[in-house]
Structures are given as structure tokens and as C-alpha cells.
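On the provided structure of chain H, position chain P as indicated by the hints.
If you want the building blocks of each chain, they are given just below.
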Amino acid sequence: GNSVTQMEGPVTLSEEAFLTINCTYTATGYPSLFWYVQYPGEGLQLLLKATKADDKGSNKGFEATYRKETTSFHLEKGSVQVSDSAVYFCALSTNFGNEKLTFGTGTRLTIIP
Amino acid sequence: NAGVTQTPKFQVLKTGQSMTLQCAQDMNHNSMYWYRQDPGMGLRLIYYSASEGTTDKGEVPNGYNVSRLNKREFSLRLESAAPSQTSVYFCASLRAGELFFGEGSRLTVL
Chain H
1 GNSVTQMEGP VTLSEEAFLT INCTYTATGY PSLFWYVQYP GEGLQLLLKA
51 TKADDKGSNK GFEATYRKET TSFHLEKGSV QVSDSAVYFC ALSTNFGNEK
101 LTFGTGTRLT IIP
Chain P
1 NAGVTQTPKF QVLKTGQSMT LQCAQDMNHN SMYWYRQDPG MGLRLIYYSA
51 SEGTTDKGEV PNGYNVSRLN KREFSLRLES AAPSQTSVYF CASLRAGELF
101 FGEGSRLTVL
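Going down the list, the protein sequences come from chains H and P. With the numbering used here applied, the first sequence corresponds to residues 1 to 113, in that order. With the numbering used here applied, the second sequence corresponds to residues 1 to 110, in that order.
For the record, the hints were derived by calculation from the structure and aren't laboratory data. On a predicted model such as this, the values are computed, not experimentally measured, just so you know. It is possible that part of the hints are untrue.
[Stated by the list, open to error] Only pairs whose alpha carbons sit at most 25 Å apart, straight line, appear in this in silico DMTMM-like list of lysine to aspartate or glutamate:
1) Lys100(H) with Glu73(P)
2) Lys100(H) with Glu103(P)
3) Lys100(H) with Glu59(P)
4) Lys56(H) with Glu76(H)
5) Lys49(H) with Glu98(P)
6) Lys77(H) with Glu59(P)
7) Lys9(P) with Glu103(P)
8) Lys68(H) with Glu98(P)
9) Lys77(H) with Glu98(P)
10) Lys77(H) with Glu63(H)
11) Lys52(H) with Glu16(H)
12) Lys57(P) with Glu79(P)
13) Lys49(H) with Glu59(P)
14) Lys71(P) with Glu103(P)
15) Lys60(H) with Glu103(P)
16) Lys49(H) with Asp38(P)
17) Lys68(H) with Asp55(H)
18) Lys56(H) with Glu16(H)
19) Lys100(H) with Glu98(P)
20) Lys71(P) with Glu42(H)
21) Lys60(H) with Glu98(P)
22) Lys100(H) with Glu63(H)
23) Lys77(H) with Asp55(H)
24) Lys49(H) with Glu103(P)
[Said to hold, decoys possible] Among chain P residues calculated to face chain H with C-beta under 7 Å, some are:
25) Pro8
26) Gly42
27) Leu43
28) Glu103
A virtual CB, placed ideally from N, CA and C, is assigned to each residue, including glycine.
If we strip away everything but chain H, and leave its shape as in the complex, we get (with noise of 0.2 Å):
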């Protein structure tokens, strides 16, 4: 079946520091990958995605490359504000159009100013 493994937590780390979160699955077939991200008392909200190979998915600094040849799609940022304090989740999904995804068990960043 399909399953996402991601770096276990917590990390803390002083702003502006370089972030890498990193996140490795099993699937069959072609799976689309996705980071999404939790902030305090919030639902969780897509932070960004790649549906192939070598794409590339961005959003607010972050970036996260799908390696097919790794199976891995880590997460990363130049520099981190307090303000990406959150729970970050990996997933995939292989039902593309009526997606179960599964997720990976999160990270907990903390920044410190």
C-alpha cells in the first residue's frame, strides 16, 4: 500500500535559518505529492504540490522537488520567519479526480526570533 515517511520532530530552529523537512514514500504507480501546512488552532491548508516527476512545487519561500529516482519530496526554505511556526504534513495521492491521500505523521517547526 501506500505510505509517506517524514522527519520526525519536533525541530526548532533561530529565524532565518535554512529549513529542510524531509519526506519519503512508497506508492504504486505515479503519485502526486503535496506539503501541506497546519498553523496553531487551524485546519490543515495546501502549502504546495508536484503531480510528476522532476516538477518543482512553490509557494511563500518554500520549495519541495519530486524525486522519482529518491522517491522523495523534501521540503525546503532559504530562510525561515517565526511566522512558519506550524506542523508540516507530506502526502500523496494515487487516485487522481477522487484523491485518498495518505499523509505522512507531521513535523512540528518551531521558529525562535
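Just chain P, lined up with the frame of chain H:
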């Protein structure tokens, strides 16, 4: 700008009580979902509905029932609550590969 609305936001139940979590979306989406979020477990799919009048089991359906009342509404019912159902529940709807989530309902079963 309502998006996905869930009620109630908080609920405390005793073991064996029943309750229904309500969810409504105003984006005219066909597919709707119920997830539960537990520490260290990520989100797990309970039930989903691909369209009005259809529902299917997800990863953890035991102890739950759902109703897709119309295109807007998708409710989740606990007939006899158990402590293992203490969790945060999220409703979501889907468009073009993107899930839109409600703010969550925190349920505690004593």
C-alpha cells in the same frame, strides 16, 4: 468566505453516549472527507464521499457512520463513543487535487 464549516468545535462525551459532527461546504465540491488526527499518527481517513448519495470506508471506519445529506453536508456519527475515539476530527472537501479543511472538532470521551 465560509469554506468548510464544522460544528461543534469542542465536545466532551461519556463512554457510550452518541453524537453527530456536522460539516458543510459552500464551494460546490463533489468529494468530502472525514479525518481524525492523533498525536504521532498524522491524519487518518475515516470515511469519504465522492458525490452526493455515496459514501465509502477509509482507513479507520469502525465505530463511525456517515451521511451525505446533500452536496453541501457530510455528517459523522458516533453511535456509542469510546475513549479510543478521543481525537481531533477534520472535515474536508476536494477540488482539483486540493483538500480544503475545516478548523477541526476536538472530541474528548471520558
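Checklist entry - Holds or violated: are the alpha carbons of Lys71(P) and Glu103(P) at most 25 Å from each other? => result The hint holds at about 20 Å.
Next on the checklist: Checking hints one by one. Is Pro8(P) an interface residue toward chain H, by the C-beta closer than 7 Å rule?
Outcome noted: Interface hint status for Pro8(P): violated (15 Å vs cutoff 7 Å).
Next on the checklist: With the threshold set at 25 Å, check whether the alpha-carbon distance from Lys9(P) to Glu103(P) stays at or below it.
Outcome noted: holds (8 Å)
Checklist entry - Is the Cα-Cα distance between Lys77(H) and Glu59(P) 25 Å or less? => result Roughly 32 Å between the alpha carbons, so the hint for Lys77(H) and Glu59(P) is violated.
Next on the checklist: With the threshold set at 25 Å, check whether the alpha-carbon distance from Lys71(P) to Glu42(H) stays at or below it.
Outcome noted: Holds: Lys71(P) and Glu42(H) sit about 24 Å apart, inside 25 Å.
Checklist entry - Quick one, are Lys49(H) and Glu59(P) close enough, alpha carbons at most 25 Å? => result holds (23 Å)
Checklist entry - Taking the least C-beta to C-beta distance, is Gly42(P) closer than 7 Å to chain H? => result holds (4 Å)
Item to check | Pairwise hint evaluation, Glu103(P) against Lys49(H), where the allowed Cα distance is 25 Å at most | outcome: holds (21 Å)
Checklist entry - Going straight from one Cα to the other, do Lys57(P) and Glu79(P) come out at no more than 25 Å? => result holds (16 Å)
Next on the checklist: Would the hint linking Lys100(H) and Glu59(P) be met if the CA-CA limit is 25 Å?
Outcome noted: holds (10 Å)
Item to check | Hinted pair Lys56(H) and Glu76(H), Cα distance within 25 Å | outcome: Roughly 11 Å separates the two Cα atoms, so the pair holds.
Checklist entry - Given the proposed pairing of Lys77(H) with Glu98(P), does the C-alpha separation stay at or below 25 Å? => result Distance of about 22 Å is within 25 Å: holds.
Against the hints set out earlier in the document, violations occur for numbers 6, 11 and 25.
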